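Those protein sequences? They're chains S and G, same order as listed. Residue 109 in numbering that gives the first Met the number 0 sits at position 110 of the first sequence; the count goes up by one each step and never skips. Residue 268 in numbering that gives the first Met the number 0 sits at position 269 of the second sequence; the count goes up by one each step and never skips.
Everything labelled a hint here was simulated from the structure, so no lab data went into it. Model, not experiment: these values are computed from the prediction. Backbone N, C-alpha and C fix where the C-beta goes; we use that ideal spot for every residue, glycine too. Please note that the accuracy of each hint is not assured.
[Stated by the list, open to error] Residues from chain G shown here face chain S by an in silico Cβ test under 8 Å; the list is partial:
hint, residue
1, F38
2, A40
3, P46
4, F96
5, Y114
6, F116
7, F119
8, P122
9, A126
10, P145
11, M268
12, I278
13, I279
14, T294
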Amino acid sequence: MLDFYAHTLADYAAVALGMAMAMLIIFQVLVRLGVKREAATGYALILPWLLGFIIWTAYPILASLYYSFTNYNVFQPPRWVGLDNYIRWLTNDRSFWPSLRLTLLYGLISLPIGLALSLGVAMLLARSVHGVGVWRTIYYLPAVIPAVATILLWRWLLGSEGLFNQIMSPVYRLIGMDKPSWFVDERYALPGLIIMSLWGVFGANTVILLAGLKNIPVHLYEAVELDGGGAWAKFRHVTLPMVSPTLFYTLVLGVIAAVKTFEPGIFIKLNSLSTGTFLQVLVYGNAFAGGNSRMGYASALGWIMLVIIMVLTLLVFRSSALWVYYEGERK
Amino acid sequence: MATVSTPIPPKTALGASGIGSMKTRRTVSDIITYVLLAFGALVVLIPLLWMISTSLKTESELFLLPVRLFPEVPQWNNYIDVWRIQPFTLFFLNTIFITLLAMGGEIMTCSLVAYGFARFRFPGRDALFMIMLGTMMLPGIVTLIPTFLIWRGFERIDTFTPLTVGALFAWGPAYIFLLRQFFLTIPREVEEAATIDGANTLQTFFRIMLPLVKPALLAIAVLSFSGNWNNFQGPLIYINTPAKYPVILALYSFSESLSKEAPKWHYMMAMTVIMSLPIIALYFAAQRYFIEGLTVGAVKG
Chain S
0 MLDFYAHTLA DYAAVALGMA MAMLIIFQVL VRLGVKREAA TGYALILPWL LGFIIWTAYP
60 ILASLYYSFT NYNVFQPPRW VGLDNYIRWL TNDRSFWPSL RLTLLYGLIS LPIGLALSLG
120 VAMLLARSVH GVGVWRTIYY LPAVIPAVAT ILLWRWLLGS EGLFNQIMSP VYRLIGMDKP
180 SWFVDERYAL PGLIIMSLWG VFGANTVILL AGLKNIPVHL YEAVELDGGG AWAKFRHVTL
240 PMVSPTLFYT LVLGVIAAVK TFEPGIFIKL NSLSTGTFLQ VLVYGNAFAG GNSRMGYASA
300 LGWIMLVIIM VLTLLVFRSS ALWVYYEGER K
Chain G
0 MATVSTPIPP KTALGASGIG SMKTRRTVSD IITYVLLAFG ALVVLIPLLW MISTSLKTES
60 ELFLLPVRLF PEVPQWNNYI DVWRIQPFTL FFLNTIFITL LAMGGEIMTC SLVAYGFARF
120 RFPGRDALFM IMLGTMMLPG IVTLIPTFLI WRGFERIDTF TPLTVGALFA WGPAYIFLLR
180 QFFLTIPREV EEAATIDGAN TLQTFFRIML PLVKPALLAI AVLSFSGNWN NFQGPLIYIN
240 TPAKYPVILA LYSFSESLSK EAPKWHYMMA MTVIMSLPII ALYFAAQRYF IEGLTVGAVK
300 G
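Whole structure, please, built from the sequences with the hints as guidance.
Right, here's the structure in full:
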């Protein structure tokens, strides 16, 4: 019954053995060809990554670019259709634009709020409080829990009769608003997703930012005090510039992660025509779910996502000259 | 990005200026700090407590008002029921099998590659290293479909092979980066001494270098373990037969029933607890390494 374990082990052993052989052969061949032993050893050692890069990154990227210009349903060979897939997402697919909007808004709203919260908590923890370890352990917990568990938990918490609405009901009464049915009512789907993501990730960013804050030399704060600066001056002129490289790092990773969001869109059924769903869910839906797989169109969507990520990352990198302070020159 | 910052003087705590005249202001702001921290901790812990308490409730208690944090009588047999609904023993075996193979492959090959990048000079090394770091930014989605088609070409759909064998190709640029940082801190004399004693490259690597970067290996081990344990998209795409499900797919298939009438949230939460417990246990046992792995890229990078 468990022979599929054996099959996997056989595959695994074969590839591992093949990899070891390939490394030895590359080394021998390079040495025979007159390459220095040190260089030959280096090439042999990085071979697993190099092969992996060619097989699992370079080739797939080019292949998916090719597929994006074809009509391909796996059972028949790909048929060249030119720009059809790219034109179609502009005109025909009514779930594309809502999904693009949802994915971008989700990132644009949850990232700044999340980073501000994380920085706030990290600054509290950096104030030489008692039991930093305990606080850090607690705050980091949500980041350890499987993302899928977090999503299921929040789907339960944000039900219309769920705990969140119960706790918040005095607030709702105060501002005269009805209990939102978070993931059912399309007006509240995005806020619900953002609340969920804030709970899930802010702990990880807090730990990263805390490490950044701990690296700020204390004499910088003393200098501000000598100049008569208060708490705000310390924050504005020491904390913020000194922690900006770390903020930059978390921002870049956050942008990529936001565009790539997948699990929430699978575990929470969103109306892809009105609310939209996450772009990655659209790719999955077109390629793998349902009867006829549209690999070509899904590849085009994947490429659009890649371009979006590249543009956003580039913008963040470009903007970094304005706000990220590198002290690297001090070395 | 790949430079190691200089060591920081130890006295660095923020705001710990210790000026006596500001004592009262300090106490007030301390109180505010602790109140805020405690509020944040509640925000983190209440949902988790709710997950556990829901998993111990009866079906009729689920939507009871007013809300009660603790069930009347903890229904421990919810966990037994869940085990009866789905063969969790098998799902756990599947998950552990996939996770351990993938983790082993990642640690082995990433450490070899990191050693190659850290210690050996060869033409094109720095360019290749930058390319490797660049792949960190690449969304997996553009490679997903061709990768699926490759495995389909090898007739390996609905097997564990796509989820495990790929790890032998040094998955994880972040792991390679982290290990390389550690290898760079080891003085070259260590290897030179080993070479003089007649050890070859592989012996030096396994007997001397690997033990020296043990903290980094453990950091990668916990990251890789939780990454593979929590991997959802891979199994979703590659595994079809229920007997081959890892735990996460069992959760997914059960969650489909929640949109129907009488959703069994107590069972769902019990399954969620079951799935999360091993990772949480690992976190408490090896917290240091989780944080090490998380912060090395940000602060040393």
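Hint check:
A least Cβ separation of about 10 Å between G:F38 and chain S goes past the 8 Å threshold, and the interface hint is therefore violated. Hint on G:A40 holds. Least Cβ distance to chain S is approximately 5 Å, under the 8 Å limit. Among the interface hints, the one on G:P46 holds; its C-beta lies about 6 Å from the nearest C-beta in chain S, closer than the 8 Å criterion. Interface hint at G:F96: satisfied, since its Cβ lies 6 Å from the closest Cβ of chain S, which is below the 8 Å cut-off.
With its C-beta approaching chain S no nearer than about 6 Å, G:Y114 sits inside the 8 Å limit, and its interface hint holds. Contact between G:F116 and chain S, as hinted, is supported at the beta carbon level, the nearest pair being about 6 Å apart and thus within 8 Å. A hinted interface residue such as G:F119 counts as satisfied when its beta carbon comes closer than 8 Å to some beta carbon of chain S; here the least separation is about 3 Å, so the hint holds. Of the supplied interface hints, the one on G:P122 holds, with its beta-carbon coming within about 7 Å of a beta-carbon of chain S, less than 8 Å.
A hinted interface residue such as G:A126 counts as satisfied when its beta carbon comes closer than 8 Å to some beta carbon of chain S; here the least separation is about 12 Å, so the hint is violated. At a threshold of 8 Å, the smallest CB-CB gap from G:P145 to chain S is about 4 Å, leaving the interface hint in force. Checking G:M268 against chain S by beta carbon gives a least distance of about 7 Å; that is within 8 Å, so the hint holds. Taking 8 Å as the C-beta cut-off, the interface hint given for G:I278 holds, the closest approach to chain S being about 6 Å.
A hinted interface residue such as G:I279 counts as satisfied when its beta carbon comes closer than 8 Å to some beta carbon of chain S; here the least separation is about 6 Å, so the hint holds. Given hint, G:T294 at the interface with chain S, holds; its Cβ is 4 Å from that chain's nearest Cβ, closer than 8 Å.
Violated hints, in rising order: 1 and 9; the structure is consistent with all others.
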